[in-house]
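Number of protein chains: 4
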Amino acid sequence: MKSIILDERQFGTHEECGIFGIISEEKQELARDVYYGLFALQHRGQESAGIAVSYDEDKVAYYKNMGLVNAVFHEEELRLLPSTNVAIGHVRYSTMGSSNVVNAQPIVFYGRFGRMAVAHNGNIINAPNIKKRMIYKGHIFQSSTDSEVLAAAINDYSTESVEQGIYDACKNFVGAFALLVLSGNKLYAVRDRNGLKPLIMGQKDGNIVFASESCALDAIDAEVIRDVMPGEIITVNTDGSYTSRYFAPPDKRPCIFEYVYLARSDSVLDGTSVYESRYNCGKILAEMCNIDADIVAGVPDSALVSARGYSDVSGIPYVDALSKNRYIGRTFIQPSQSMRENSVKIKLTAFRNNIQGKRLILLDDSIVRGTTSKKIISLLRKNGATEVHMVVASPIVKWPCYFGVDMDTKEQLIGGYRDAEEICKLIGADSLHYLPLEKLAECCGCGNFCTGCFDANYAVDLGNFHSEKLLFE
Amino acid sequence: MKSIILDERQFGTHEECGIFGIISEEKQELARDVYYGLFALQHRGQESAGIAVSYDEDKVAYYKNMGLVNAVFHEEELRLLPSTNVAIGHVRYSTMGSSNVVNAQPIVFYGRFGRMAVAHNGNIINAPNIKKRMIYKGHIFQSSTDSEVLAAAINDYSTESVEQGIYDACKNFVGAFALLVLSGNKLYAVRDRNGLKPLIMGQKDGNIVFASESCALDAIDAEVIRDVMPGEIITVNTDGSYTSRYFAPPDKRPCIFEYVYLARSDSVLDGTSVYESRYNCGKILAEMCNIDADIVAGVPDSALVSARGYSDVSGIPYVDALSKNRYIGRTFIQPSQSMRENSVKIKLTAFRNNIQGKRLILLDDSIVRGTTSKKIISLLRKNGATEVHMVVASPIVKWPCYFGVDMDTKEQLIGGYRDAEEICKLIGADSLHYLPLEKLAECCGCGNFCTGCFDANYAVDLGNFHSEKLLFE
Amino acid sequence: MKSIILDERQFGTHEECGIFGIISEEKQELARDVYYGLFALQHRGQESAGIAVSYDEDKVAYYKNMGLVNAVFHEEELRLLPSTNVAIGHVRYSTMGSSNVVNAQPIVFYGRFGRMAVAHNGNIINAPNIKKRMIYKGHIFQSSTDSEVLAAAINDYSTESVEQGIYDACKNFVGAFALLVLSGNKLYAVRDRNGLKPLIMGQKDGNIVFASESCALDAIDAEVIRDVMPGEIITVNTDGSYTSRYFAPPDKRPCIFEYVYLARSDSVLDGTSVYESRYNCGKILAEMCNIDADIVAGVPDSALVSARGYSDVSGIPYVDALSKNRYIGRTFIQPSQSMRENSVKIKLTAFRNNIQGKRLILLDDSIVRGTTSKKIISLLRKNGATEVHMVVASPIVKWPCYFGVDMDTKEQLIGGYRDAEEICKLIGADSLHYLPLEKLAECCGCGNFCTGCFDANYAVDLGNFHSEKLLFE
Amino acid sequence: MKSIILDERQFGTHEECGIFGIISEEKQELARDVYYGLFALQHRGQESAGIAVSYDEDKVAYYKNMGLVNAVFHEEELRLLPSTNVAIGHVRYSTMGSSNVVNAQPIVFYGRFGRMAVAHNGNIINAPNIKKRMIYKGHIFQSSTDSEVLAAAINDYSTESVEQGIYDACKNFVGAFALLVLSGNKLYAVRDRNGLKPLIMGQKDGNIVFASESCALDAIDAEVIRDVMPGEIITVNTDGSYTSRYFAPPDKRPCIFEYVYLARSDSVLDGTSVYESRYNCGKILAEMCNIDADIVAGVPDSALVSARGYSDVSGIPYVDALSKNRYIGRTFIQPSQSMRENSVKIKLTAFRNNIQGKRLILLDDSIVRGTTSKKIISLLRKNGATEVHMVVASPIVKWPCYFGVDMDTKEQLIGGYRDAEEICKLIGADSLHYLPLEKLAECCGCGNFCTGCFDANYAVDLGNFHSEKLLFE
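From first to last, the protein sequence lines stand for chains A, B, C and D.
Just so you know, we're using this note's numbering here: the first sequence kicks off at 2 and counts up by one.
Just so you know, we're using this note's numbering here: the second sequence kicks off at 2 and counts up by one.
Just so you know, we're using this note's numbering here: the third sequence kicks off at 2 and counts up by one.
Just so you know, we're using this note's numbering here: the fourth sequence kicks off at 2 and counts up by one.
In isolation and in its complexed conformation, chain A is listed as follows (with noise of 0.2 Å):
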């Protein structure tokens, strides 16, 4: 895996990430903490790892490379990092092209107030604009990330302390946001003022944890603090105490799609858990669709819980009608041309015994571009079932998201520019049905979401963002 770095479109919309981090009293081996928080949020991103830890009062060491959290780490790297009371950890999802170490976080850097370390999850869409201010002040920057611009803005507006200088730094941020920032012995976490992606602060004795979602605590057995909240940054010291302090009043918009895919389902979000909004949303899909069929069977892993919801209602029988390869990772090789139709069976195999001669009824969690769908409903019908009836916990995806999660532009979406009914043609579904908008919302318990890719309402104004030309270019 070469790394030539190329020059980068500046700031892609594909970022996806987990972040943790951890302060203690007494010095200690916190490394390996965020090695098992970053390993419990590893689904967030695949393609690097990272740590850094304080020490030496003022001192930073890091590490980060990319890969698997398990193969970034070892025992050597974790014994080599020093014992610490502060140490903040990040992956980082895996897209094509633009992956390279340079790009990997967390950002350690010497600034204002000496070395700072810095992990980012999410999407800063004003960044160019920022960017272009700072160049213009004679700021120079080595990546093309949008979280070098945040922590060098941070740095730079920390002219009195660095709490002030995230403070005045993310009232100028626009998108999405989760932090934390290790300075001397300090810990900040903040989230952007719409809660756009999830941070949840907890505790393992005394010492104070954050992570992008509860699972992350559950792995080091920390107990749930609480979510922090929209516009808030928290100040932890190495007693455990801390303070929260508002840069903006919250308006919480969290992410819907979150829930629809990519937290993990035994998380919970902003006091909402993940799985049960997925059962949910199985339960008011069978409430809706009222399909005559044999079975009901989900797509692996995220649907089978909505599969399962449905079925419960429906009372229409559950099967396992698809088995996954659980060892599909990011390197693997693409088929040979005479393989490519196929591809979906290196990941997917169908149990034809389960299907043969049967009126089906798949849950999947939501149709992006499409392609998916399309082989699995063929392979389906390969294997015996007369009819495949696709439901789909989530509404059509009609827009890109600004905000991080890997979503194209509106010409590749499948539903960009098309109804469920051309939309059904298309995957070669008998029926093809989405869950509505609002009865997602409900079943997410939260009555206020960014659902800017179904419905274009996003959390933020886009007003001067308007195309994305402007915003990328």
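If you're looking for bench data, these hints aren't it; they were derived computationally from the structure.
Keep in mind that the hints are not guaranteed to be accurate.
The list treats identical chains as interchangeable, and a pair is accepted whether it falls inside one copy or across any two copies.
[To be verified] List time: in silico DSS-like cross-link candidates among lysine-lysine, alpha-carbon distance up to 25 Å: (1) Lys133 / Lys187; (2) Lys411 / Lys60; (3) Lys325 / Lys284; (4) Lys411 / Lys205; (5) Lys205 / Lys348; (6) Lys138 / Lys60; (7) Lys205 / Lys325.
Everything numeric in this text was worked out from a predicted model, so none of it was measured.
With chain A fixed as given, assemble chains B, C and D onto it according to the hints.
Relative to the frame of chain A, chains B, C and D by itself:
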């Protein structure tokens, strides 16, 4: 991952592997098919992977290394392996200590009939005796595996032809083996006289294919022809023609543990669907147990199907109680002392909302050492389960396996010298229920299995190998 | 070779590097020329190597890593770097502790004029002050090198053009620097006002080339045009035209240690052949010393030439006394305790037959810490030399270097507070003879060198930087 | 560096290696001594390195890999090899194509007397016949080396003891071999009956040491005891006692090319200093040639000594004409087409000032294919030499070597079918002078060498192996 090669115990019981082979009329990039096949068999071995192909009539090129299939093979390695008429591959199970590249397969060597490659799944229990005899005759062995002994013996017996060598050698092997042999332009497939290890034959576009499990045939879109029969040697030519011959009268005693745990649920072994056998186990257990509880759940992944069978028959609702981190791999770092007791948390987390205040029936496929069961039950109780009734879809594991399944000595087996009641206490369950052996066999669709690990009724008469000491000195 | 990045002392004195740049009218595979150039400059840095090339008008691709040039770059890396009009490269010196890829060069960044790459040889002694000032203004720094400060400062000053930025920044740099800057389709070459570090300009088939030493021009068959002058900025266009400008009146004070030890003997620096300067040192020493001995020898490799000069003038026969293992590299394992005192034997062995029973004159280029000299003399005596007279082709090293040569504090220098007689006793020689500074300067062909390490007459007024503490806090 | 293992030509002529072994009374970290010994023998093989040590009475641990000694072994590998009484090591020569880890040594195997390790330098020319015979008996071979054949044959013959097996096997080997065998707690050292390959015995602190050359004894500070004699088997016990036995009457015919080129100049082979033999060659050439010229120079590194001898006798001043880049290694990238003709420049540059306008006598150790000589002469002329007289410190190489020196077929040798005059024209020299064979032998201090490459007077009667075709089919 340093690979200083230390001298190892000669032959271990811990060999479980996957094999795959393919032969075609025209020279093709068959290594790629083997790659996908091995990938589908990855659950049978995560320690090493290798592929050997014939070329230029009598030559063999190969590549093998430690690691997962997609870590060992990339585009470059596949491209460097020549186009070929015959290719075989192998994945090897990961056990501590004895893992190094010297033991990886296929084994490739020069012998009586030129260059030959062998891929072996199983355990030849009289390998130490054969080795001793061959060393007496002047042979040398460069690894500690029984597979090298098997390869050398086949060559030694091949005085007239490779097929005859295989025939005569196999008559002398005691134990379990599914074999693929590449020699010249022929591919040989062999299964021991008891059919202890699975081996299935398929075809795709005129190419003949062999694999440990049918799921690997599915992965490359090949159709099943039939299982290789116990005691059968199938010799395939490049034109797809093949001959069958028996080196011994078949005495079919396939390993029942393949259904319980080893095989992928979407495979069909000797005509019986693994999925269905597991589902049926759950159903029968429900009929037998009659436990008064609120919910039914399974330990992921293999016991989820049984749990569903239990639920369907008992009417007790099925829920997800445990979530499994799907990134757990072989290089995972051991938790620090303070976390060790909670190590199961890194792999499994509980869905608190689903189980809180509930009396839970938990299905698992088997209990070997019992340590994981104990931790899981404790985790479930901490998350609010008021009762945990453990239901196991197989009998008490009482005896070690001599044919390649990773089971320890009788002493290390929790059921080695204990009955269900004692085990129940040790793992901390409210009640514990095992599936009687005859019921398990019934679910697996075939009257006559090797059930040695459950009742010491091994396929092979261990008279001459009656003590472990004798076997492995 | 793990590269956990620990926080480092800000700026060390131990920076010695080689740089190479080339610009052509047509897009060519210039990275290959840089590769060969860096290879010829390998003696100036074995720690890391890097190449940056411009492409698509305003983009820059680069690759850098730890290791020797031919360990970092293979066909694959060279092929992946795009064809280009401008390319620069860098090799960095190996010192313990501070070696990691974050400090490797070229430094590539986005700034006022888009993408820019900088390769630097030297030491900016007011870098801490500049850094402090820039941090005060809000800049951040991601490494601990003065080269990043230099790059950031050049960009900061580039308000109108890159050339003007280089001009203004260089006026503010105190210290030693030879610089290559790649920006857009231009290549800039700069040398500090004292010309402390060498930089030579050549041409090949119309392409303009710069290198730290002329041997790198020879390596790609380029012809020498001339040395870059102290204080000069040369701006080269792709058509081969160039303009020259001085940011300061030249005050030529090149580092005399380049001739003594640093440069390759087949280079010509500022018009003087390094080989001849060394040979002449030997001749003068012979005239001066008048030692009664049987044979003359040199410590390989750099002092062999001086020994020959000594022999030619004195008439005392030249012999090979020591053989050097040419595979010694940076990763060599330290000998165990019992062997440590003999560690010089691994690098050097003595030709017993040549020296046995002989009174020996041994030439060395310089004595810095004295430990190696002591071991060599002991080795020679053990192999039969009856007398060892040490003759050094430079004066006593008495002062540290602030401009990039790896010399320690005054305390660590054997000559820091000692005269020749005391040093002679410490290293165990029969007599010890140094070359007077004026003689050395004479041999190096130029009247006005930086000779700070010998007489504290540094090229730069260290008034404001008079204590190390101040300099490197 | 991918190592797909292709099927290789069985046995090549291109085997040159270094071996080292040590045995001690107390268990020690002997792998470290082997490391330093191999390091001193690095010039005999840069392709692969390996070390095997005995432990726990009858066990052997080993590590081997592709690369230089200090790339293969680091602290970690040395630490992982157990403390031991006996250790052997091997470095292997780099030739294109056949380099992969399967061919690396020591060869370690289980045989009649348990675990054994073998390190071999040389070429068994009847290995194909032995191999054929052993395959006929049922043996298998996993590599294409004659060393595996040698190891298997020794074991096969070891019906009573290892020593007797070595004895009987060696009687049957035709060709060149210096051998170290580790078995149990004994170390065996063997040299073929002609003593074609060097092997020397030393001692250090009571430990007995063997090495291909005396320079490796120097490296660990061991004292020379004596050379192993042709046809001798020395068996050493851990207490330092040893017995000697001859498997054949010695017919001393050591390889003369060891003195010409292969050995390190600071080694003493069979009592003759390599350095002095080379120096004396230069002296004799000066007496013979009587060339009218201004200066004498040598091709670095091996011919510098001869040039000095020439200068000392002729009175013509010695100068350095060529500088060699000491970082050239095996992974060096081939120059692009445009640079290929100048490729010698990357390795060698000329000291223009030393040779301009001068008539030059250039000493080289030998001319094999002649391509490098041609380039060097052209380079010298371009740098101003008015005449270049080539003086070669050995005779015309006219015949291939069958015993392990990398020489090509007669057709590829420039002197295969040409006399000095024709060669002189081809390489573009003003005159060309070779050293007569009897003079060379005289300089090497021993009357009876294998001089097959010069006069077809091979140590071994090639009657039965008279055509290459027969030998290597």
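Using 25 Å as the alpha carbon limit, work out where Lys411 and Lys205 are close: within a copy, between copies, both or neither.
neither (44 Å within a copy, 40 Å between copies)
Homomeric proximity label, Lys205 with Lys348: Cα distance no greater than 25 Å:
The answer is between: 19 Å across copies meets 25 Å, while 38 Å in one copy does not.
If the cutoff is 25 Å on CA atoms, where do Lys325 and Lys284 land: within, between, both or neither? Let me know, please.
Close inside one copy (24 Å) and across copies (24 Å); limit 25 Å.
Between copies, within a copy, both or neither: which fits Lys205 and Lys325 at Cα up to 25 Å?
Between copies only: 22 Å across chains, 35 Å inside a chain, cut-off 25 Å.
Check Lys411 against Lys60 for me: Cα-Cα at most 25 Å, and say if that holds within a copy, between copies, both or neither.
Neither: 46 Å inside a chain and 28 Å across chains, both beyond 25 Å.
Between the shortest in-copy and the shortest cross-copy C-alpha distance, which are at most 25 Å for Lys133 and Lys187: within, between, both, or neither?
between (30 Å within a copy, 23 Å between copies)
Are the CA atoms of Lys138 and Lys60 at most 25 Å apart within a copy, between copies, both, or neither?
So Lys138 and Lys60 pass the 25 Å test across copies only (21 Å; inside, 28 Å).
Figure legend: structure checked against the earlier numbered hints; hints not met, in rising order: 2 and 4.
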